[in-house]
Amino acid sequence: MNQKISIRMSGLGGQGVVTAAHILGSAATRDGKDSTVNPFFGAEKRLAPAESYVRISDKTIHERGEILFPDIIMIFHPHVITLGKCYTMPFFEGLQKEGIIIVNSDEPLPLQKDDLTKLAELSARLFYIPATQLAIDLGGTDLSTNMSMLGGLLGVTKIVSRDALEESLAERFGGGQFVASGTTAALDDALKGKYTKVAQLIEKNMEVVDQASKFVTEYKLLI
Amino acid sequence: MMIQQQVVDAEYLLLQAERKMAFITGSEAVAEAIKRANVDMAIAYPITPQSESMHLIGDLYAQGYLKDYYRGENEFAVMAGIHGASLGGGRVFTATSGPGTLRAMEMFPVWAGSRQPVVCAFMCRGISLPPSIQPENIEMSMLLDTGMLMFHAETAQDFFDMILKAYIIAEQTEVHLPVGVFADGFLVTHTRDQVKLPPENFKLPAYTPESAPVPVFDMETPPMRITRDPLLNKSNYISYAANASWHQEILAAADRARKHIDHYLGGLLEVVDPDAKIFIAASGTAVSQSREALKLIEKKGVKAGLIKIKSIRPFPKDELVKITEHAELIVVPEFNAGGWLAREIKSVIDNNSRVIAGPRVFGGMTLPPELIAKEIMQRLRGGSEYVE
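First to last, the sequence lines map onto chains A and B. Per this note's numbering, residue -7 is the first one in the first sequence, and the count goes up by one each step. Per this note's numbering, residue 1464 is the first one in the second sequence, and the count goes up by one each step.
Keep in mind that a hint or two might mislead.
Partner residues aside, some chain A positions facing chain B, computed with beta carbon under 8 Å [as the list claims (entries may be wrong)]:
no., residue
1, Q(-5)
2, S18
3, T28
4, V29
5, P31
6, F32
7, A35
8, L39
9, R56
10, E58
Chain A is nowhere near these chain B residues, computed Cβ spacing over 12 Å in every case [as the list claims (entries may be wrong)]:
no., residue
11, Q1468
12, R1482
13, G1535
14, G1547
15, P1598
16, S1604
17, P1662
18, P1668
19, M1682
20, Y1700
21, P1737
22, K1766
23, V1784
24, K1785
25, L1834
Hints in this document: simulated from the structure, not taken from any laboratory. Note that the coordinates shown come from a computational prediction; the quantities given were computed from them, not determined experimentally. Note that CB positions come from ideal geometry on N, CA and C, so glycine has one too.
Sequences are here, hints too, so could you generate the full structure?
If you want it as structure tokens, here you go:
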């Protein structure tokens, strides 16, 4: 894998794709790395395509904007693939050799044979994780889907440390002066309302992360 | 209840104070700048991708960093309201984006025409050409001759520094012009990046309206007395000459800003590898993409330099002529369809067929470093295909 890791997160508005990216990037800087994070979305609406991009490196990163050549692709919702709700077609366009794909789905999706062949030729690794179900079961809300996706990521590659991730999560929901938009603020309130204390929110979400890291399963790609 | 901060010397705050690293978005960097700028008043009207920053400045008002803040009826009203506050001797701030910029257009030359040191941030986005909320900086080309100084930020760090420093540059008696600080929307505003910040309990000295080259409006100097008769009505030779010389004075004031931009921003432009024969010349986030493109072509054995243009108005004419004297190829990547930066560069240097106006992206597309590298390699090989 490259020295600079580029992660493309594709999902639907309201799933926390942007928040997950900010938490991950913040964790990377806590680990002493350089990181830039930026989102891409249209006018805010739930279930519309939303993407975010995280670059992590030991060296200074200048590049910004969409990640066209990702090392890791995280798909937060099956509709990104099945309904084409993303900014690239096919969803893995630009994936680098030996790249990683993590898909939130309870079971393997019926991918095109051609696509599976292309992924195998790239020596890509494809993982599935029932991220929304885990979020509901463990976190008590589907709003934690983004946290189980981050857990899935940690289950596949130790791109950031668990401690740094926990600190970033605490920063995001503990201090909490900045939110990306009014709708994000409403979702934040909804999420905080699920828990009696912010400390409980962080604890529960880290439990989601820890458990989710164990629930990623690799789908064997055959040439 | 105003928050207590320590007023420190501008030189110290802008250039010397010890800084700490923060991992923040460009929008947050704007608020951090305003927090330290001793701003009296801000007026907001929301538009993507500017909304977060002016929302955060509303929070600053609630915390006691500003004396006044309100939401205007629309962008025109905001820019007019800001103008009034500035005429009355206040230090002011506002921000807008794309269609908001165009809606408020009439007010920008008014700011310069009345010599007010308004600082306004522009989070550039597509205008309705066709409709887009995505990053694009075509609006900058429409402001080139409004009389305002124009700085273009590459990163959240630039955005922070340029806004804070803009006040001190704008308020020099010999300058006293509005400053627009521009950043590419989303690519700076919504991007989280490392930014070095001086302590938040420090702030700039207050604006002293008496240092202005024009009278401050108050009950004894009502607006009509100085704005209307001499300038507006071509009623006699003196009023005609006053208007014409006032025009020239605005241009001269922008010229006099050069030394202050040199001092505070470290130059109107920055150069990587000044002896190069091939250059990428860019402003804003196209500079960041170009830095990565340099690495790509270096892997193929091609060395090139980079010219980062920070000040668009005044434009670094002499600097560009000197740096490109021996250059054979100058590639100008841009985040807009019109190619205004290439046009500006072509207008000031000799033998301008050396300037390649592109690659350009628009409509919300990203500007891949690979595309810039490809443009350079193709030109070097006389148009032959670039092989990845």
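May I ask which of the numbered hints given earlier this structure violates, with the numbers listed in increasing order? The structure breaks hints 1, 8, 15 and 25; every other hint is satisfied.
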